[in-house]
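A.B. asks: Residue numbers (my numbering), protein chains in the order written: chain A, 1 to 498; chain B, 1 to 498; chain C, 1 to 498; chain D, 1 to 498.
Bear in mind the hints are in silico, worked out from the structure with no lab data behind them. Misleading hints may appear alongside valid ones.
Pairwise CB distance ranges (calculated) [said to hold, decoys possible]:
no.: 1; chain 1: C; residue 1: GLU431; chain 2: A; residue 2: ASP411; range: 37 to 45 Å
no.: 2; chain 1: B; residue 1: PRO213; chain 2: C; residue 2: GLU431; range: 14 to 22 Å
no.: 3; chain 1: B; residue 1: GLU433; chain 2: A; residue 2: GLU86; range: 25 to 33 Å
no.: 4; chain 1: B; residue 1: PRO213; chain 2: C; residue 2: GLY227; range: 27 to 35 Å
no.: 5; chain 1: B; residue 1: LEU24; chain 2: C; residue 2: GLU418; range: 30 to 38 Å
no.: 6; chain 1: C; residue 1: ALA17; chain 2: B; residue 2: ALA383; range: 25 to 33 Å
no.: 7; chain 1: C; residue 1: ARG85; chain 2: D; residue 2: LEU83; range: 19 to 27 Å
no.: 8; chain 1: B; residue 1: GLU431; chain 2: C; residue 2: GLY227; range: 35 to 43 Å
Backbone N, C-alpha and C define an ideal beta-carbon position, used for all residues, glycine too.
Number of protein chains: 4
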Amino acid sequence: MAKQGKSSKLWGGRFSAEMADIALDFSESIAADSRMAAEDIWGSEAHALMLAKCGIISRDDLKAILTELEKAREDLQAGKLPLRRELEDIHMNVEVYVRQGAGPEMGGKLHTARSRNDQVVTDCRMHLRTRLLDIMEAVAALQKALLQRARGNERTVMPGYTHTQHAQPISVAFWLSSYVSMLARDQDRLWGAFQRTNRCPLGAAALAGTSFPTDRAYVAKLLGFDGVVEHALDAVGSRDFVAEALAALCILMSNLSRLAEEFVLFSTYEYGLLEIHDSLASGSSIMPQKKNPCIAELSRARAGLVYGRLMEILTLLKALPSGYNRDLQQDKPPLWQALDESEMTIRALEAMVRTVKFNTGRMRELVGKNFATATELANFLVANRGLPFRTCHEIVGGLVAQLIAEGKTLDDHRRVQEILRRHGQELSLDEIEAVCDPQACLVRQVSLGSTGPDSVTALLASLKAVHAEALKQARSARRRIERARERTAKLVKEALAL
Amino acid sequence: MAKQGKSSKLWGGRFSAEMADIALDFSESIAADSRMAAEDIWGSEAHALMLAKCGIISRDDLKAILTELEKAREDLQAGKLPLRRELEDIHMNVEVYVRQGAGPEMGGKLHTARSRNDQVVTDCRMHLRTRLLDIMEAVAALQKALLQRARGNERTVMPGYTHTQHAQPISVAFWLSSYVSMLARDQDRLWGAFQRTNRCPLGAAALAGTSFPTDRAYVAKLLGFDGVVEHALDAVGSRDFVAEALAALCILMSNLSRLAEEFVLFSTYEYGLLEIHDSLASGSSIMPQKKNPCIAELSRARAGLVYGRLMEILTLLKALPSGYNRDLQQDKPPLWQALDESEMTIRALEAMVRTVKFNTGRMRELVGKNFATATELANFLVANRGLPFRTCHEIVGGLVAQLIAEGKTLDDHRRVQEILRRHGQELSLDEIEAVCDPQACLVRQVSLGSTGPDSVTALLASLKAVHAEALKQARSARRRIERARERTAKLVKEALAL
Amino acid sequence: MAKQGKSSKLWGGRFSAEMADIALDFSESIAADSRMAAEDIWGSEAHALMLAKCGIISRDDLKAILTELEKAREDLQAGKLPLRRELEDIHMNVEVYVRQGAGPEMGGKLHTARSRNDQVVTDCRMHLRTRLLDIMEAVAALQKALLQRARGNERTVMPGYTHTQHAQPISVAFWLSSYVSMLARDQDRLWGAFQRTNRCPLGAAALAGTSFPTDRAYVAKLLGFDGVVEHALDAVGSRDFVAEALAALCILMSNLSRLAEEFVLFSTYEYGLLEIHDSLASGSSIMPQKKNPCIAELSRARAGLVYGRLMEILTLLKALPSGYNRDLQQDKPPLWQALDESEMTIRALEAMVRTVKFNTGRMRELVGKNFATATELANFLVANRGLPFRTCHEIVGGLVAQLIAEGKTLDDHRRVQEILRRHGQELSLDEIEAVCDPQACLVRQVSLGSTGPDSVTALLASLKAVHAEALKQARSARRRIERARERTAKLVKEALAL
Amino acid sequence: MAKQGKSSKLWGGRFSAEMADIALDFSESIAADSRMAAEDIWGSEAHALMLAKCGIISRDDLKAILTELEKAREDLQAGKLPLRRELEDIHMNVEVYVRQGAGPEMGGKLHTARSRNDQVVTDCRMHLRTRLLDIMEAVAALQKALLQRARGNERTVMPGYTHTQHAQPISVAFWLSSYVSMLARDQDRLWGAFQRTNRCPLGAAALAGTSFPTDRAYVAKLLGFDGVVEHALDAVGSRDFVAEALAALCILMSNLSRLAEEFVLFSTYEYGLLEIHDSLASGSSIMPQKKNPCIAELSRARAGLVYGRLMEILTLLKALPSGYNRDLQQDKPPLWQALDESEMTIRALEAMVRTVKFNTGRMRELVGKNFATATELANFLVANRGLPFRTCHEIVGGLVAQLIAEGKTLDDHRRVQEILRRHGQELSLDEIEAVCDPQACLVRQVSLGSTGPDSVTALLASLKAVHAEALKQARSARRRIERARERTAKLVKEALAL
């Protein structure tokens, strides 16, 4: 009989003392691992099926192991799979479950040719890949909401801003669709992260592979991966896929924080461009008149949370020797938090976009008040008076300064005419009206991707196609994973039926 | 009768729709707030006592309010204070508790002259100040463990490293005490953070103070604060005290990650300078021989977690308009996490320091093998042969290169003599032995703060004093807070007895 | 004669190959070091004076060394001190200067009992301490500008915001002074950083002190330090003082980014609360009407730069073994950049505060338009009708909802009266006017630190005192450093005169 | 004549005061812009060619403009293009150059239908795309060096580590190639960043496009872009491509910091696995025996620099309203610094890999000393004695504990035999030798991606192919850009010849 060490752990042979309480508190990962229980069981099934296929364990062993794993799955679904903290992690919990049901031998056999080092990163990749698809679908839903609100607003004029100052008239559809365009690149990055995540490290064992004649490609296929992470040392020791997913989320959240900021800004009394739905705002316990854009504010703040989680992982990885180090255990809590909070932010903003009310009257009013068509006037002088642009810029700049001094706007056509005349430019009142009217100005924009209604109609069409493509990609990836799950289930059923 | 809005919230008057589920999910803060329940109740008691003292509420009102608050405290201590998620935060939960017990009027009166804006930051400061004292006491305990292990090891020689390469012989006491010295500055920073935290914002109300004739200094005193944050707008809208606490923790964790790194390094087979206790290590599920320094690795990795939380808060604060914004609600989760994880790291490292076994034989062996006393030889030539240091540096550098080429060390005194002779320097074998012996070399270091045993004895004494001073500071601050708590309790009792 | 290695470096004895070009490019630090040339020379003078005082070098040696160091200082002041990249750093450049003038022996003697490890951190602390005082003086100047603009504006009413929504009327003086209050804590943190910076590591040598009987306290005093960093290993290997300075700057910059954000926001056409001076704005090359708040935007963005530099240092320190490691060389570039950019941001904002024009008419207009006095109305009902606050909150909330629906404001006193009557509350028109007038509302705020003019007058007085105190602290620290400089110069002169 | 404003700027029409000195200091970007001078000129040429092609300017105008742009290019190449700080940025400098040569009209005409907002981001993308290709080629060179050093070392045994503790024997080729594998994913990410960078925003104008009938696709093609960023508002206001490039560099640097760390560790006296070439190390000014791994240390530290730059950009982007804001100007300095420092780090590590000397004797010695083949012994018992793995793990764990207690290793075959016998396992001495010999153990590893020589040979082949593919991608992208440059040059020549 093997002499039992003083430790009750599965690795206790060489140890002469139990783990201290503080060490256990400090090192257990059950809370973060529990999310991956289904993945751990699926992974164990696939591994066992492969071991039997390769003749490493017998068909009877396989049956005994799978019987327990199926029971564990049922317990998990029923919410009664025991997760004991003192067993450190999900892998040990599942293995002990098998041992208790089928005898210690079977637990041991299941662990042949693998290690917790490759198991944990396999589970993590399996869970992450699904969460990335969740995020992609949430982003697609937000894009859809933006596109739906854009449609029909191709001629709804509002001030376009640069430096938070009025620049030129744009349409509401143009403004909203700019976020669809930004988010399309986020989808690309998420998809890139998915592709580098969805590769199988299982079978790398502790760091160096194994002397058993395993079939890693078979396991990868059963688990719905697109291939293996071939190099064993790289497979167990690398977490760049975690950092990449977090980086993609950070950039996404930076984009969303800009949308949130504009909702906060545009819903102020001063701007008044839009009104957030009451169901997405909150009041004050002391000031009865308040309606606060709390969801937009919290969305904006969530960027910090996700940034912080990326910084956590990058710090953790800095100067870590290669291969598995226990530091890597801390990759999951920040990852899960960032995924959860990002998804909730996307969904909250989607609800906000769906229900926001645009104050088109206020938009129209503002766009006429602050010289937003001055550029058009300069362009008109270029095109019709043959002056160089810089000269026209100066003329119109002087005109604006004069009108501001007089408390007037470009709507005062007669005064505009007089001042331009003093700069040597003669325009008819009709010309001035045609040039300075924001709506007319909007329509005149014709360049590719511009705010002109025809351009925007084209933009919406192309963005819709891009949005649909990413969604399709995510959905078909999800289906491939589901089919792999079904295939494994079928093989398990067959093995149990023998 | 007040017409009730469609919202069931306490601020619902002007709202026409209930908060959406996603908004509630996204905006509730009960989980992070629940830690501050005791502080919220204490704060409410002090506020109520002040309102009565200033004649803003009657003595009867006070009695009714305090009766409910005392009940709430008892429920909290018994673990049965209801915390309803749909009431958004801890403040509303406590207020609703009072309303249910004493009638809606009393809830309303309690909320006179304050706002959730000043309440939440008061609770946060009260909880944080205690946690900062916890951290200071934990750091002091770690310093104490380091000092205890240092004592008696003033002459235990080990290699001193720079660039992770052997530099000069140092003592174990010198090495360990360097961390005590670093941690002393962390204590200073934590104390600075405590001082800027322990000031009372209550009474600032929503942003502008109140028209009620309140007595803010009285409330501050009852709550054990060292003073008030006078400016109301600053009081409710600033979170620099949170960022400062996190920054102090980050710097502390960077220091601790260095200690953890040295434990990892020094416990490798290759170094073998020390052995981590079995109770603070773990094994491998696949490799039977492994003993992994998991607690040291996890301590090292925790630095990333705390860094990330600071980055979260700094990002959140960036470009936020002044005054209260809902973004600020997200200050607490990162703060609590960073405090908890920092404290656990300190305590884990304290356990490791207390139980680590030093392999003094291996230390002595290593220090002699790799020319660690070369500098001493150069210094000897300066002092006894009158050569400039640079010349001696070159001579000894050449000697080392020659010995390495021959596979020899400075212990081969005869060979050292021969090579030095070729450089024109004649030393007796006795001189060489005296100069190159690591132990003798250690003893010769005499400058202030050096590794020489006398210097180290003085260092240990001064570090012990500094350590005790910080601990005393923390403990007496804690006592002041406790006394304030007792004073409030006494006043409450008196008010209830009327 | 010492056999010369193939390396031309001062440390080349044991090396058989010259440093590769890429290694030299990668490792030289002349650009970052050149700022510390004056400090390096001063440090060398003090070290030499101490060596002579302690009898480690002769008076003649001292004279020879000081002669060259004085020449080096003159060359530096004349902008012609040669800084050769291949000499790696400032220390080697100064030492080689001495060797070339006074012979290699003197260079060597000067380097007795010290190392580049303690030299570099001494120079860095000396330069940083002065830059921290620069920052403190710049912050004080910004505070002064804010206080000056506040004074006289204690009754200038403007909307006070929470959640970027109108909350209650506040005064311009109250708004501006909130930043003075925030900055006062930044001054405290900068001063804490100064105190932990201004301690002398020189004499710690490479890591373990020295066998020469040096006098570290004497050197510290000559260099204007407040004391020594006693523990040699801590002295050369710690950079927490760098991280602390950066953390203090980060928090400061987060505060400044909020001020910058409010300048951007309040200068929009929509808000129109203030106008940034033309000299601190810029135009558009294409849109003639634009006036962009570029300085405010760039100030806001600079927060990112400083945050990034802190993250750089914290990452660098993570898991670094104790003692000096070459990684530490990279502490200076981020530190210098953060100091420079922070100072420029402070000065730019000071200019903006000094020259900004407040549109008090627009402020008054806005404050009346959006129910900012609703809280006062509720408080009035509490105080005069004996209703609980929550009930009044609901009544006024309903009133606001009704008025918004009708497109009216609280200025429509008759309508307010009617609606309140329907809620069972009878108020005279005079009462309504008195309660709802923003100016009257402002004056009614009486609590400590509130926006009421008397409170603000008191606030301005106490903030002015706090501001003056910090400035005095910084200036007297600067004078102490200057006096130390003069003392050293006098001793140098005396030594040269012998 | 246009009335000139008081400002001398090209946008000065509406301004009444010159920009203040501090504003100019604070806002100029010449230093960071100067890198993009060639791109700015090329962009201007393409824009002018398009304007003429679309009939917006005449052929004569085109000729006049191109004449000056060609001169500017020549001046630039000769290092004498004037870059005046007071002209704020590179675009204004080039335009003023054109104005001075061809008259103000031509400068103005060149600026038709574009803005600095789209110009700057075009230049930035053009420069960044080339730098990303530089980085990819540098990474490929590092991979090549690693592969070259791996080849021939497939059977060179060394300890494989997990938790920095001996785990199992691996080969040097396996260790080195793990980094090639990690870097392959970095190449993927860099290529993804390249693809999202190499799209043309020019023609988006200030934010909304233009009313001129431009041909944006034509400009994009002339400039070697793979397409346009269609949405004008997105084109000028988004910097996610900058954040993505920095994120890719961060992850790359985290990988490189791990390689650097292993060089530092493995070159210690204690490990002694390898020796860094003297040309990539440095000495100590005080300790003659020191050889410090400075280049590895600095490489490790550079990760912090790059992390910090990503955090800078993410902070900057947080909550920025959409469209162009001046904050965005600060995107370039961190980007250029991160690219430069990353490239230098890669090249320094390549030099280190090329020249490092492996101490294969020490490797072989270490691998036998610390039970690295214990897992193999357990596996042997599984495979040959039919025991479950967990039982074997316990047996071998006990054996190891016993041997450590006795100061013996697995090389003491007879003692191993005795102890195993006591656990009921009988092995012949030949069996023990075969199982416990590290070399034999290495050879037995057969799973895909394992450290067995055949697996590694296959790994090296597949990694070489992947490496070559990425390099080919980068080179062909570079050629496409070069061909676009030549095409533009040809068109310019033709236009000038008319």
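A.B. asks: Now tell me, hint by hint, if it's right for this structure.
C.D. replies: Right, here's what the structure says about each hint:
Separation of C/GLU431 from A/ASP411 is about 42 Å and conforms to the stated range, judged on CB atoms against 37 to 45 Å. Between B/PRO213 and C/GLU431 the beta carbons are some 20 Å apart, a value that agrees with the proposed interval 14 to 22 Å. A C-beta distance of roughly 55 Å is found between B/GLU433 and A/GLU86, which places it outside the suggested range of 25 to 33 Å. Under the hint 27 to 35 Å, the C-beta atoms of B/PRO213 and C/GLY227, about 49 Å apart, miss the expected range.
Separated by about 35 Å at the C-beta atoms, B/LEU24 and C/GLU418 satisfy the suggested range of 30 to 38 Å. With their beta carbons about 32 Å apart, C/ALA17 and B/ALA383 fall inside the hinted range of 25 to 33 Å. For C/ARG85 and D/LEU83, the hinted distance range of 19 to 27 Å is satisfied, since their beta carbons lie about 25 Å from each other. The beta-carbon spacing between B/GLU431 and C/GLY227, approximately 38 Å, falls within the hinted interval of 35 to 43 Å.
Of the numbered hints given earlier, the model fails hints 3 and 4; all others are met.
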